[in-house]
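*Asks:* Each chain, letter by letter, is given below.
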Amino acid sequence: MNHRKREALTGYLFISPWIIGFLVFTAGAMVYSLVISFTHYSLATGQATPAGLTNYAELFKDPKVALSLGNTLFYAVMAVPAEIIVALGLALVLDRLSRGTAFFRTVYYLPKMTPAVATASVFFLLLNGNTGAVNKFLEAFGIRGPQWLVDPAWIKPSIVLMTLWTVGGTMVIFLAALKNVGAELYEVAAIDGAGPIRKFVSITLPMISGAMFFNVIVLSIAAFQVFDQAYVLFWRDQTNSAPDSSLFYAIYLFQQAFRQFDFGFAAAMAWLLFLIILVITLIQTKVGNRFVYYEGRR
Amino acid sequence: MALTQQTIGASAPARAEAAVMVAPRPRRRLWRPQTFLGRFILGVIALAITLLFLYPFAWLIAASLKPRGEVFDNRLIPQTLQPQNYVEVWNQLPLLSWLFNSVSIALLAATAVAVSSSIVAFGFARFQFPGRQVLFGLVLATMMLPGAVTMIPIYLIWKELGMLGTWVPLWGMNLFGSAFYIFLQRQFFLGLPSELFDAAKLDGAGAWTQFWRIAMPLSIPSFIIVFLFEFQASWNNLQAALIYLNAGSPSDFTAPLGIAYAMTKYSPTAGGHGDYQYVMVAALLVTLPMLILFAFGQRYFVQGIATTGTKG
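So the protein lines, in turn, are chains A and B.
My numbering puts the first residue of the first sequence at 1, with every later residue one more than the last.
My numbering puts the first residue of the second sequence at 299, with every later residue one more than the last.
Please keep in mind that the hints were generated in silico from the structure rather than gathered at the bench.
Every residue, glycine too, gets a C-beta built ideally from N, C-alpha and C.
It is possible that some hints are incorrect.
Straight-line distance between alpha carbons at most 30 Å, and here's what the computed BS3-like set of lysine-lysine pairs gives [stated by the list, open to error]:
| id | chain 1 | residue 1 | chain 2 | residue 2 |
| --- | --- | --- | --- | --- |
| 1 | B | K499 | A | K64 |
| 2 | A | K286 | A | K179 |
| 3 | A | K5 | B | K457 |
A few chain A residues that don't get close to chain B, going by computed Cβ distances all over 10 Å [as the list claims (entries may be wrong)]:
| id | residue |
| --- | --- |
| 4 | P17 |
| 5 | G52 |
| 6 | D62 |
| 7 | V65 |
| 8 | I85 |
| 9 | Y108 |
| 10 | A133 |
| 11 | F141 |
| 12 | A153 |
| 13 | V160 |
| 14 | I283 |
| 15 | K286 |
| 16 | V287 |
| 17 | N289 |
| 18 | V292 |
From the derived model, a few chain B residues whose C-beta atoms are all more than 10 Å from chain A [to be verified]:
| id | residue |
| --- | --- |
| 19 | N383 |
| 20 | P392 |
| 21 | M471 |
| 22 | P491 |
Next comes chain A alone, as it looks inside the complex (with noise of 0.2 Å):
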């Protein structure tokens, strides 16, 4: 055996863990679970008979389908601008800090350490309509807060809300871009009469377009897929119905998956959602190619 087949033979021995798990639970996993899509499957008998296109019909028909998605679509509308400008925010606070950083920057990033569940428990204490730490403090500006996790209109804030709380990691990924902005941009800029917004806009902006089209795209992609905080908050108890307006998509899924094992369906729920976020993520990406600046790219 020559050198350079000798060579190869190693590097596909290295990578061979990948490519047998990629084969079963990823290209396998994907087949599987499309030709799932198209039968009628039964978890008793482990029967699978062919459906068609029943399931991707019902995706139409049930008309929890459209409802969960338009949650969805409705929470990831106001999560991801709301993540990024605090997100921004915060690192903007951290990047000017003269004294402190390590110590800020610790303590905004400490709450994405903590487990989506435990957020959520202690959230759903906080975000009590009554009795609530967060309506009490909106009292003494003499604001009624809402009956933030029943009033179906202010379920998605309030996940929206705890959603703020952890939004360490992408502030520290802002922070990062932040960091590599050249000072010398802003002493031409400040020569040039420049004042504060205006470096924001046509400075800092454009230099960490990168950073930013990074985040919008990692979190539409998280939003999508909402689960924990939904499920902990109103789907643990099968006995107690939970409102419409909690029902996201992942849970509405994991429901037909797991609940009522009508795995058909809930794998054709999932290339529908497989199919949207290619899509929203194709759009973002066209978006992003005219807006984001790579250095050393004409």
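Position chain B relative to chain A; hints supplied.
*Replies:* What follows is chain B alone, placed relative to chain A:
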């Protein structure tokens, strides 16, 4: 900064996060407030945010020390101090089992994924083979796939293997590497000087020796980053626990599943008495390991990069 960039540059989230965690104090920047008033206002803002961000923690700790009737009184210093909650909770909930299960699974998951991803990453970084670019593109592409698509087939695979109700489905797949971590480790390996491996080759070191004896020891900082990230991801994983462990007895639950269970157990709508102080104790004890991990990890990042940086 050059040092941090070489080991863990920017662009991927973990690398960006880690880079900032260890970034040396940056030099004075022009856009920082110049006047005392400006600095003062900025400091007040930073402090206000701190209070806002720490408040839920303070509230949680306070509530965990209160009797049932006072949980909702929003006092940060409990009127009636009831530290017995911390004793009673062990009788109320199988908390020790949850913590044990979660720690075990997270250790298995993090170790498995960090080792396997390193092996795969080394293959991509150091060897030439046909299809390398395409395969690596495929690795990255798998990050786009929502877990929901493969959730059901994977469940059926574990069911077929008789693994339902065991820990295996919660970490077994980690033996095959994971896209993001492979990417991370590959970046690190690419940054190592190839003379290092050429010299070892001359000394008769085989591929595995090069990996295990040279690449791995040098990659400890990024290995630890992978380990910590996966440990946290596993610790927080509610959905997999719901799918694979929910049918068992509560003592088989993981920590997140346990908290969800406790929420229902004490919920007045489900026949409980609203003993949320126990939920708060449990939530605190489930969060604590993550906070410890963070304290430990932050320091370790710095140490690890300092030691390898001087050699690289």
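*Asks:* Confirm or reject each hint.
*Replies:* How the hints compare with the structure:
1. B:K499 with A:K64: violated, 62 Å
2. A:K286 with A:K179: With Cα atoms ~27 Å apart, K286 of chain A and K179 of chain A stay inside 30 Å; holds.
3. A:K5 with B:K457: With Cα atoms ~40 Å apart, K5 of chain A and K457 of chain B exceed 30 Å; violated.
4. P17: violated, 5 Å
5. G52: With a cut-off of 10 Å, G52 of chain A remains clear of chain B, as the shortest Cβ separation is near 19 Å.
6. D62: Given that every Cβ of chain B is farther than 10 Å from that of D62 of chain A, nearest at about 16 Å, it holds.
7. V65: Non-interface label on V65 of chain A holds, nearest chain B Cβ at 13 Å vs cutoff 10 Å.
8. I85: holds, 14 Å
9. Y108: violated, 6 Å
10. A133: At about 5 Å from chain B, A133 of chain A fails to clear the 10 Å cut-off, so the statement is violated.
11. F141: Since the minimum Cβ distance to chain B is about 15 Å, F141 of chain A lies beyond 10 Å and the statement holds.
12. A153: It holds; A153 of chain A is separated from chain B by about 21 Å at its closest Cβ, greater than 10 Å.
13. V160: Answer for V160 of chain A: holds, closest chain B Cβ roughly 15 Å.
14. I283: Check passes; 14 Å lies beyond 10 Å.
15. K286: holds, 16 Å
16. V287: Its Cβ never comes within 10 Å of chain B, the nearest being 17 Å, so this holds.
17. N289: The claim holds: N289 of chain A sits with its nearest Cβ about 16 Å from chain B, beyond 10 Å.
18. V292: Given a closest Cβ separation of 12 Å, the condition holds.
19. N383: Fine: 15 Å to the nearest Cβ keeps N383 of chain B off the interface.
20. P392: Answer for P392 of chain B: holds, closest chain A Cβ roughly 16 Å.
21. M471: violated, 5 Å
22. P491: Holds: least Cβ distance 19 Å, greater than 10 Å.
Violation of the numbered hints given earlier is confined to hints 1, 3, 4, 9, 10, 21; the remaining hints are satisfied by the structure.
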